[in-house]
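Chain A is fixed; fit chain B onto it per the hints.
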Amino acid sequence: MRLRLERRLEQRWWHTVIAPVGAVLAALVVGAVFLAIEGFSPVTVYRELFKASFTSAFGITDSLAIATPLVVTGLAAAVAFRMNLFNIGAEGQLYAGAIGGAWAGLALGPHLPGPLAVAAVLAASVVGGLVWALPVAVFKAWFGTSEIITSLMLTFVALYLMRFLIFGSKSYWRDPAATNFPQGRKIAEAAELPPFGTYRTGWGLVVVIVVAVAVWALIRFTSAGFDMNVVGTSPEAARYAGISTARVVLMGLLLSGALGGLAGGIEVAGRAHALDPNGLELGLGFAGIVVAALARYNSFAILLVAAFLGGLRNAGVALQTLPGERVPVEVSLMLQGAILLFAIGAEIFVRHRLRLVRSGIGPAAGVAT
Amino acid sequence: MGENHTMTIRSRFGRWRWLLVLSTALGLMAAACGSSSDDGTDTSSGTGDSTKTSEATADSTATSEADGAATDSGEAIKVAFVYVGPVGDAGWTKKHDDGRKELEEALGDKVETSFLESVPEGAESEAVFERLAREGNKVIFGTSFGYMDQMLAVAEKYPDTVFMHATGFKTSDNMGTYFGAAEEARYLSGMAAGAMTKSNTIGYVAAFPIPEVIRGINAFTLGAQKVNPDATVKVVWTSTWFDPTVEKEAAQTVLSAGADVVAQHQDTPSAGEAAQAAKGFWVGYNDDMSRFAPDAWLTAPVWDWGPFYIKTVEAVVDGSWKSEQYYGSMADGLVNLAPVSDTVPQDVRTQIEDLQKEIEAGTFAPFTGPVAKQDGSEAIAAGAEAPLADLLSMNYFVKGVDGKIEG
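Chains as they are written, first to last, in this note's numbering: chain A, 1 to 369; chain B, 1 to 407.
Heads up, a few of these hints could be off.
Where chain B lies over chain A, by a calculated footprint (3+ residues, C-beta under 8 Å) [said to hold, decoys possible]:
| hint | region |
| --- | --- |
| 1 | 279 to 292 |
| 2 | 312 to 321 |
| 3 | 326 to 334 |
No more than 30 Å apart at the CA atoms, straight line, and that leaves these computed lysine-lysine pairs for BS3-like [what the hints assert, rightly or not]:
| hint | chain 1 | residue 1 | chain 2 | residue 2 |
| --- | --- | --- | --- | --- |
| 4 | B | 157 | A | 186 |
| 5 | B | 101 | B | 322 |
| 6 | B | 399 | B | 198 |
| 7 | B | 399 | A | 51 |
| 8 | A | 186 | B | 404 |
Listed next, with one range per pair, are the computed distances between beta-carbon atoms [to be verified]:
| hint | chain 1 | residue 1 | chain 2 | residue 2 | range |
| --- | --- | --- | --- | --- | --- |
| 9 | A | 283 | B | 374 | 36 to 46 Å |
| 10 | A | 283 | B | 393 | 29 to 39 Å |
| 11 | A | 110 | B | 353 | 28 to 38 Å |
| 12 | A | 333 | B | 105 | 56 to 66 Å |
| 13 | A | 110 | B | 105 | 50 to 60 Å |
| 14 | B | 245 | A | 220 | 43 to 53 Å |
| 15 | A | 213 | B | 170 | 55 to 65 Å |
| 16 | B | 105 | A | 352 | 39 to 49 Å |
| 17 | B | 157 | A | 217 | 36 to 46 Å |
| 18 | A | 223 | B | 159 | 54 to 64 Å |
| 19 | B | 249 | A | 57 | 43 to 53 Å |
| 20 | A | 353 | B | 249 | 43 to 53 Å |
Hints are computed from structural coordinates only; laboratory data are not their basis. We put the CB at the ideal spot given by N, CA and C, even for glycine.
Just chain A, same shape as in the assembly (with noise of 0.2 Å):
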C-alpha cells in the first residue's frame, strides 16, 4: 500500500472554507500540545486569548488597530501570490513606503488641509512601495530573475535606510530636537489618520476596507485583472490569447508593491506619526503572507483573517499578564508561524486528494479518477 496524491479534477465551494478552517484548528492543536509541554492549560489560554481581543470594545478596536495595516500587507501579498509572484518583501515595501509617507507628512504636511494632507502621505507610501518594488518587477518580467531573492533582499535595503535615516545620519526624517534619543520627527498633525474617539483604531481601518474592495474590483472587473488572471493560472494560454506576460508580471509586482508600501504609509498617518524604526519593525509585511495564505488570496476573506490574526497579536499582551498562567509572548507568534505551516500544507489538499493505494499497482493506475 501506499498514500498517494492526485490532483482533484474538481474543486468544491466548500473545499476553500474548510482548508483555511482547518488549517487554524490544526494549528491551535500543536499550539496546546507546546502549551501543554510547557505547563499552561491550553483550554484557559485560548478562552483568556478570545477575552482579551475579542469581547470588549478596547479589546475589539486594539485588535483591528493591528489588523489594519495586515490588511494591506495581507493585499499586497495576494495579489502577487495569485499569479505564482512571490513577492515576499512587502516588508521592505512597508518601510520604502513609510519613508515616502513620512517625507510627504513632513514636507507637504502642514501646507496641506486635513484630508489633502493625508492624501499626500498615503500617495507618497505608494510611490515609495512602487520604487522598492520596480526592480523585482523589471527583473522578473524581463529577465526572468526569481522575484522571492529580489524583494528579499531589498527588504534589507529599506529596514537598513530606515536606520541609517534615523540612527545614522541627520536626515531630514530625524528629528534635531531629539537631542537624547535619534527618533523620527512627528508629522503635520493635519496628515495624522485621526482614530476613532479614545480607540486606538480609527480611520486607517475605513481606508484599508475601501482598499481591499477596489482590489477586488480591480481584479474582477477590469481587462487588467482579467490578463492578471490569465497569466497567474496559465502563462500558456496567456502567451495563446496575445497577452504580454513581461507587461502583466510588472503590472502585478508593482500593484503588489504599492500595497505594501500603502502600508507604510497608513502606519505612519496612523500610529506612528513619524519615521519610527521601533514602531514599524514589527513584521506586518511577513504577517501579510500569512494573511494572504489564509484568506487564499480573496480580498473579502483578507479582511475576516486580518482582524483574527490581529487579535492573536494582541492577545499576546494580554497573555502575558494572566495571574498564575502566564504565557510568554512567543505564544502567539508561534501560533502564528503554525497557522501558516498549516494554511500551506492545506493548500496542498484542496487541490489534490490523498488516497490509499494497494501496493502492486504502477503509477498510471492513478489516472484512472
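Okay, now just chain B, sitting in the frame of chain A:
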C-alpha cells in the same frame, strides 16, 4: 490527468512515519489533558533560567477573575513592569525582573506584580501601557528609553496611575523617571580594562549614540587611562539594545581590529563569548555575567533595582509618592561593581576598591577636570566637577576614544 500531476510521497514519508507522528501527537494531547486538570499549580515563565518565585505560589484561583476589572477584594496593589527584552536576557531586563521579585518578596500579599517581556519601543507600546492602566495597575514601570512618549501620553489619560520610566527625562504629575550614575562603576571597570590591555586598544560595543551611552564610554575611558595613559577605546555602534547576534558580531569586529579587551553597553553577554573565543578579556554590564565567559571575564557595572522598586511602591501605597527624577548611585546602592576577577593584578584591584570607597564617600567623581575632548579642547576645567545636567546631556567623546558620535 497525466502522470506528472500524480505524485507519490511514499519514498520520503512512509506509512510508518505517519503512524509515528500520529501517536506522538496523541500522546502529547493526553499529556495536555492531564496537566489542564490541575490548573496552574506549576507555572513557569517559560524561559530557561527562571528561578522559582512567588509566581508559582500566587493564588491560582485568580485565573478565573482575570476580567481586567478593578483590583480584587484584597488590599493588594497591582504593579506592572514592561520590559524591552526577554527576562532571560541575562542582563538589563533580568536585573529589572530580579528587582520585581524582590518587591514581591518584600511586600508579600500586599502587592500583585505582572510583567511583559519583549515589548517593542515606539508606537506599539502605547497600546501595552494603556491596557495595563485599564486593567487596574496602580504603578507601571517601563524600563526602556523608547517608551517615553507613549508612557507620557497614557499617563495623561490615566491620572490615578503612577508611571515610572527608567532612563528617560520627561515627567508629569503622575509620571516620574529613575536611573543612576552607572558612570561611577564604568570608571572603575575601565581601570580593570586599562590594566589588562596589551595592545592598548579596548573595544566598546555600544547601542546608541545618546548621552547615557556616551557618558558610560567617557567614564570608562577616563578610568582606563588612569591606570594606563596610552589606552584608547574603539567604539562600535549596534543600533540595538538587545540583539545577541549583532552584539557578538560587533565584538568580533573590534577584536579583529586589534582590541584585546571588549566592554559593552548592551543587554546580553554575547560580547563576552566573542572575547573568550578570541582569547581576549571582557567587561560586561548589568549583572555578574562571569559564567558566560569565565576566562575573559574581568568585572562589570551592575544594577540593583529591587530597593528602589520597594521604596516606590511603598510610597504609592501610603500616599507619599511624588513625581521626581531619581538618580541613584554607588552610594545608595542602585549602582554596583561586580566582583573583580582574580585575573586582574592585585594592586589594580586594591586601587579599584580604594577608589570605590572614595566614590561612595563622595570624595571622588569620575568626571573631574581636567578632561579634554577628542580634539584636545577643554571639556571640564581642572579641578572642576561636571554638574549633573551636563552629564545627562553629554554629547562629546573624551580624548582617547576612537569613534564618532554620529554614524
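_Name the hints, by number, that the structure is in violation of._
7, 11, 12, 15, 16
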